[in-house]
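A.B. asks: Residue numbers (the working numbering), protein chains in the order written: chain E, 1 to 385; chain S, 1001 to 1664; chain F, 2001 to 2270.
Bear in mind the hints are in silico, worked out from the structure with no lab data behind them.
In this text the structure is predicted, and so the values were computed from the model without any measurement.
A portion of the hints provided could be inaccurate.
Said to hold, decoys possible - Partial selection, computed: residues in chain E whose CB lies under 10 Å from chain F:
(1) 135
(2) 239
(3) 248
A virtual CB, placed ideally from N, CA and C, is assigned to each residue, including glycine.
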Amino acid sequence: MTEHHNIKRINPRRAYEIMTNGVKRITLGLNSDYVAHEVSLHQTSNKPLRSPKKAEKRVLVIAHSERGTLDDHAKQCLAAAAILADAETAVVALVLGELQEDLSNAGVDEVLVMDTLDYQTFQPDIELAFVKNIITSLQPSRIFMPDNLIGDGDLGRRLIASQPEKLAATHVIEINNAHIANYQLGGNAIALASFPYIVLLAPDAADTSLPFSASALAIDPLTANQQMRHAQTPSYASLGMQTIDAAKIALEEADFIVSAGNGVSNVQTLQTLAAALDAAVGASRVAVDDGKFSRDKQIGATGKTVSASTYFAIGISGALQHLQGIKDCRHVIAINRDHSAAIVKRANLSLIGDAEEIMQALISAIAEAKITAITDVKLATQEAA
Amino acid sequence: MGLNYFISALFWLATATLFVGLYKRTQLWRTGQAAEFSWLNLLAIPKRYFVDLHHVVAREPYIARTHVATAGGAVAALALVAVNYGLMLYSAPLNWAILGATALMLIGVFFMWLRRRNAPARLSRGAWSRLPYTLAAFALGLIIISLPVPVISGSVAVLALLLLLAGSAELALGIGLGGPMKHAIAGLLHLAFHPRQTRFNGQLSTALKPLLLDEIALDGITIENEQYGVNKPSDFKWNQLLGFDACVQCGKCEAACPAFAAGQPLNPKKLIQDLVVGLSNDEKSGTTDANFTGSPYPGIALGEHSGSMHSPIVPLLIPHETIWSCTTCRACVQECPMLIEHVDAIVDMRRNLTLTQGSAPGKAPQTLENLRQTATVGGYDRKARYHWSVDLDVKTIQKNQAVDILLVAGEGAFDMRYQRSLRALVRLLKAANLDFAIMGALERDTGDTARRLGDEATFQMLAKQNIETFNGLTFKRIVTADPHVMHSLKNEYPSFGGHYQVFHHSTLLAELVSSGQLKLGKSAETRKLTYHDPCYLGRYNGETEAPRALLKSIGFEINEMERSGLRGRCCGGGGGAPLTDIPGKQRIPDIRIQDARSIGAELVAVACPQCTSMLEGVVGNRPEVLDIAELLAAALVADLEVEGLELKGLELKGLEIKASVAHD
Amino acid sequence: MSIKNIAALVSVGRHPVSGEARHCRNDSLAMTLGLALTSHLNATETNTVSFKVLHAGNANNTALKDYLALGASHIDMIDVAAESLIIDALAANLTNTDLILTGSRAENGLDSGMLPYQLAEKLGFSLVANALAIQQTTDGLTGGLEVLQFLPKGKRRSVTVQLPAVIVVHPLAPVELRHAYARQVTGTINQQASPLTHATPQEKTLKWQTETILRKPIKLKARENKSGHARMLSATVSENKGGAVVIEGNSVEKAQVILGYLREHRLINF
Ligand SMILES: Cc1cc2nc3c(=O)[nH]c(=O)nc-3n(C[C@H](O)[C@H](O)[C@H](O)COP(=O)(O)OP(=O)(O)OC[C@H]3O[C@@H](n4cnc5c(N)ncnc54)[C@H](O)[C@@H]3O)c2cc1C
Ligand code: SF4
Ligand code: SF4
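Looking at chain E on its own, in the form it has when it is part of the complex (with noise of 0.2 Å):
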C-alpha cells in the first residue's frame, strides 16, 4: 500500500461531465482544456468563483460522508479552507464514503471520492494508509478534518500520531490565518498556538456561508481504490451497526430536544413538533409530575443532563432546577406566555404568546419550508440538467 505515490497531479480545469447526482466529475485520462469562466456558467449560484487561476499550493480538507452528503461540520471545514486559502491554492476535498451531492458553494476546488472508505466500516488502518497515500501524492500544505464522532477524529489522531514530526492542533474552536485556538485546562483556558499542519477543527469554529463559489471538479481516486482491495489482514473488523429509534435515543445523547413544560397543555402537539423537527422529546419535572411524561424524560436536577445543540423549553418556566439540566445546552430557544419567566433570561431567542397556537404555527411553518425544500432541490436539478 505504499507505492501509490503515483496518483496524478490534476488539473481542475479539465474536462468534466455532470453525473445524474449533479455532481461535476473529471475522469482521469479523458483530456481537454475547459477553462474556467465555462465552469462558471454551471454555478448554480451567482456568486462569483473563487478558485484559483493557477493552482500552485494545495490544502486538503477530509472527512466522512454521511448518506452521501457531507454534514454542517464537515461543511466547516471546508469552508474555513476555503476562506483562509489564498489566490495561489487550491481547497481539495477528500471524502471518504459516497458523495451525492454539488459542493461547489462549499469551496472546494477539487473532490476526491473514496466511496469505499464509508463511515460505517471500520477500518481505520486502511483508511489511514489510504490517507497517507493520499497525502503524499496531493503534498497538501495544510490538512483540515471536522473533529467528529464518525470516524474523522478518529482517523485525524492516528494521523497525527503517525507523523509526530508534523504540528497538529485538535478540538480546535477558533481559527484564522494568524493562530489557532482551542480549550485547555478541561475547558477553563483558551490556548492560542500558530497554525499547524494538521487541524481537526470542532464544531461551529467557522461559519459556511461563503461569498463565492469554487468549481467542485471531482477527480476519481481509481488507483488508491484498486489499492485497497489488497490490504493487510486487517487488525479491526465490523461486526455491524444498529441504530436506536430516535425517539427512543437517549436524552443525553441528543443533539436537538424539545422540552415541554406545564405550559404544554397538549401533548400530541408537541409530540408532533418533535417529529416534524426529528427532536427528542424532554419534560420538566412538573409535566412529568402530571403524568404527561415519563420519569426517564426528566430534564433538571433530579433528572437527566442533557448537552443538546438546540434546546427548545416550551412552557417551561425554567426554574433553577430545571435550568441545572440544560446548562451545557448551546442554543436555548423558549416560548413562554410570560416575559419574566426566568427561562427568557437563559434562552437564546424567546417567543412570548401561547404555547399551543405557536406551536402549531411552527408545525405548519416546518411543513411548508420543507415542501419548498424539496422543490427548490428538484428545481436546481432541472435547472443543472
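Fit chains S and F with the ligands to the known structure of chain E by using the hints.
C.D. replies: For chains S and F with the ligands alone, coordinates are given in the frame of chain E:
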C-alpha cells in the same frame, strides 16, 4: 392450700423463665457495638417513664389511660404477687390488694380490647391482637385466686391455674421469644440506656453523632477496626439494638411518616421491625419478614426479604429504596412513645452504603461530588453565591473587621427564587440598623446534605474548612434563613470544635420586633394565611413560636394546618430525599399543599429555602408560597422608595424585537 | 490470545468551575470498565487477569485519591521529570499489557485526546476509540476484544480488535461511578521514579499560549459585502446577553422567527 403452693411455684418458674429469656435477649443486644452507658441510669427509669415517655403517650389520652390501667395494674399486681406468693406469705389483705390491682388491669385490658376491634391500620395484628386475651386471662386467673373465698372448687382452681399459666406465658416468655411483652422490659431498659441521654434533660437532641474518620487513620490505628456506619445488625451499638426491641408496633411513626404517606417504599415501623428480625437471629441463615403483621413498605411484598445479625441489612433485609426514601424529618422520632431513634438508624445504614459502596441513588452521587469539588450542592462558583446582593450595599465580612452578625445564606442563595427572600431579609436587617455582613466567597456549604446522605467524610471535610474560616473571622452571632444551615452550624459543628451562636432569621427578627428595634406596619395582605413549620426549624431546633409571633405582629391570623408545630408535616425537601428521588404514588409536597388547601389557605408562609422550592414545585392551583422575610419586608413602613427601585431592577433586560423574517 | 494484563490510565482532572483538582471523569469511566472486565474475566476464565491503574506525571495525591475511592485498590504512579516524557514513561511500563484503557480527553492539560493514539503508535498496539462496552471475543480464534462503539445520532457499531490494544472509552459509556470513602482510605498509591530522564529527541510541538480570560471563541467568517438592510437585520437579531425576546406579532410571525433562528444557526436543514 395446695393452690397457693402451685402459684408460688408458678411465680418462681415464670420469674426464672423471664430471666433466662432476658439473659438470652441480652446476649443478642451485646452482639452490638460498645456504647457508653452508666448503670446508675437504671435509677432514672421511673422519672423517664412517667415524664418523658408519658409525655409522648399522653398525646393520645385514650391510649395513655388504658396503658396506665393495664400496665400500672399489672406491675402492681405482679409486685404484690411477688411478695405474697413469691415469699409465700399468703396474706389475705395482700390478696385484697392484688384483687384491686388486677381489677384495674382488667379494666385497662377491656378498653384495649375494645379499641382493637376497630384498630387503625397503623397497628400490627398477629401476636398483638392476642395480647388483650392473654392479659385478660392473666388478670382473671389472678382475680379468681385472690378472691376472698376460703375454698374454691377444684375445677375453678384448675381453670384459674390455666388462665394464669396462659397469662404468665405471655408475660414471661415475651422477652425470650420476642413476643409482644418484650416491649415492657426492653422499653424500660431502653429508657435507662437510651443512646441520646440528653433527651431526658429536657433538651432537644437532634445532632447526628460523628463517625471517627481521619483521626483514626492519622493515629495509625488500623482502619479495619473502624466501622463505616452500619452494615449488619451487629454493627449497631448495643443500646440501639435494645431500642429496636422496645418497639410496640403502635405505628405512630408510620402514621407520621411523609414518605409512607406518599407511597414511597418506607415505613419506619416496618424498618424497626426488620431490624428486630435481623437482631433476633444469631445464625447464618436469615429469617424472613413474612411474620410482620403491619403495613408493609408500600409496593414491596412481605416474605421476600430476610436477615440475621451477621448478614448485610441492605438489600437483603431492607431494600435500598427504603433507606433512601427518608427525608430525615424526625416526625417518626417525635411520635414514637418508646423514644426510638429511627433517623439515627437510617443514617447509620446510609453511612455504610455511601462510605463503603458509594451507592446512594439518583443525583446524590453527583451532589456529593459537587460538594467535594466546589463546596456547593449544585456545583456552582462559590464566588457567585452573593451576586444577588451586589446592588444592596451590604458589607462582605473581612478578616480583621468585627461585625455583630454574620449572615450565612446557604445554597438557596444560588436560586433566583430564594434570592428574593434573602433580599427581603437584608432589607429588614438594614431597617433594624444592624451591624451585619455577608460571608461572600468564603462561604462553603455546611455539608448538611452530605451528612444526611451518609457521606460523613465530605461533611467533616466541609465542617473543618468552615470552622477554620469562621475562626479567622470576628462576629458575635450567625444568622441564616436556612434551617438546615442552622442545624449543622448550631447543633453539629460543636462536635468538631465549632461553637457559635446561631439564629434563624425568624428568631432574630422576632427579637427585633418585640424590642421595637424593627418597626413594621400591618401587612396589606388579605389572603388567608397558614404557616408551614420546616422540620429543621421546628423539630430539630424547637423554634415554632418566633415565626408565628412575627406573622401575628404584622396583622396575620394564622390558620393552622392539620399538622403543625413540632408535629408539622414535612415538605419532602430534607435528608437529600429530593436528590435520591425515590418514586412513590405522589410527592410529599403535594400532600403538604393539600393540607393547606383543605383549610382554605391562600398563602403559605415558610421559613426555609427547601420548603419554598418543594412547595412551589407543586403543580396546579395552589396557595402562594412566601418566606416570612418577604411578608415582613412588604410591611416595612419606610420602604416604598426602595421597593420602587427594586421593581425597576427586575425589569427585563432582554431586547424586544419585532417579529420579522430573521434570516437572509 | 486471551487477556492477561489490563491497565487503565488515569490523569488528574480539574473541576470546571472551582478549578479544584479531582479525578478526570473520562478516565474514571475507563478505569471502572477495566475493573468490571477484570472481575468478570477472573470469575469466568481459568487464567487470572491482572489489572493495574497507572498514572504518569507530577500529580498531587489528593486527586489520585479519587480513583482509589472509585475502586482502584492500588495506583502505580510514575514520577516523570517532564511532560514530554509521559508517553515514553507509560510505554515503558505497559509493554507487557494486553489491554490499555484510557479516557477520551483529559481536563488538565492540552486535553487533545492524543495520548492514547501516541501510546498505541509507540507500542504498536491497535486502537479503538469511542468505546461504550468491551468484552473478550467469545471465539478464541480471533484472539481479541469486541468493542461496542458510540456513533452519533443513536448509532452504535460493534467491532473486533486484535490484542494488544488501546481502548479509548467514550464519555457516554454506561458506567456508574461509585465514590466510596472507605476505599480511599484502604487503597494505596505507589510512587516510582521513571527511569527516563530525558526525552527521545523531541518532536516539534506547538507552542501554546494560554489567555488569561476565558472568552468565547471567534467564529471564522468570510468577509462579505452585505447590504445595509441585511446588516441591520443581523444586528437586531444578534444574540444579546439575555437573548432576543419576541413579544409582538402573531403566532405565524413568531414561528417564522424560530425557523429563521434555526436556519441562521444551521440547526435544521430545510
Ligand atoms: C428538589 C427539587 C428538585 C427538582 N428537580 C427538577 C428537575 O430535575 N427538573 C425540573 O424540570 N424541575 C425540577 N424541580 C421543579 C422545579 O422547581 C419547577 O417546579 C419545575 O421545573 C417547573 O416546571 P415548569 O416550568 O414546567 O412549570 P411551571 O413553573 O408551572 O411553569 C410553566 C411555565 O409555562 C408558562 N405557560 C403556562 N401556560 C402557557 C401557555 N399556554 N403558553 C405558553 N407558556 C405557558 C408559564 O408562564 C410558566 O412560565 C425540582 C424541584 C425541587 C424542589
Ligand atoms: S424521618 Fe420522616 S421520612 Fe424518615 S422515616 Fe421518619 S417520618 Fe419517615
Ligand atoms: S417505632 Fe415507635 S412509633 Fe414506630 S411502631 Fe415502634 S413504638 Fe410505635
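A.B. asks: Indicate, hint by hint, whether the structure satisfies it.
C.D. replies: Comparing the hints with the structure gives:
1. 135: Given a least distance of 17 Å, the restraint on residue 135 of chain E is violated.
2. 239: holds (4 Å)
3. 248: Constraint on residue 248 of chain E satisfied, holds at 8 Å.
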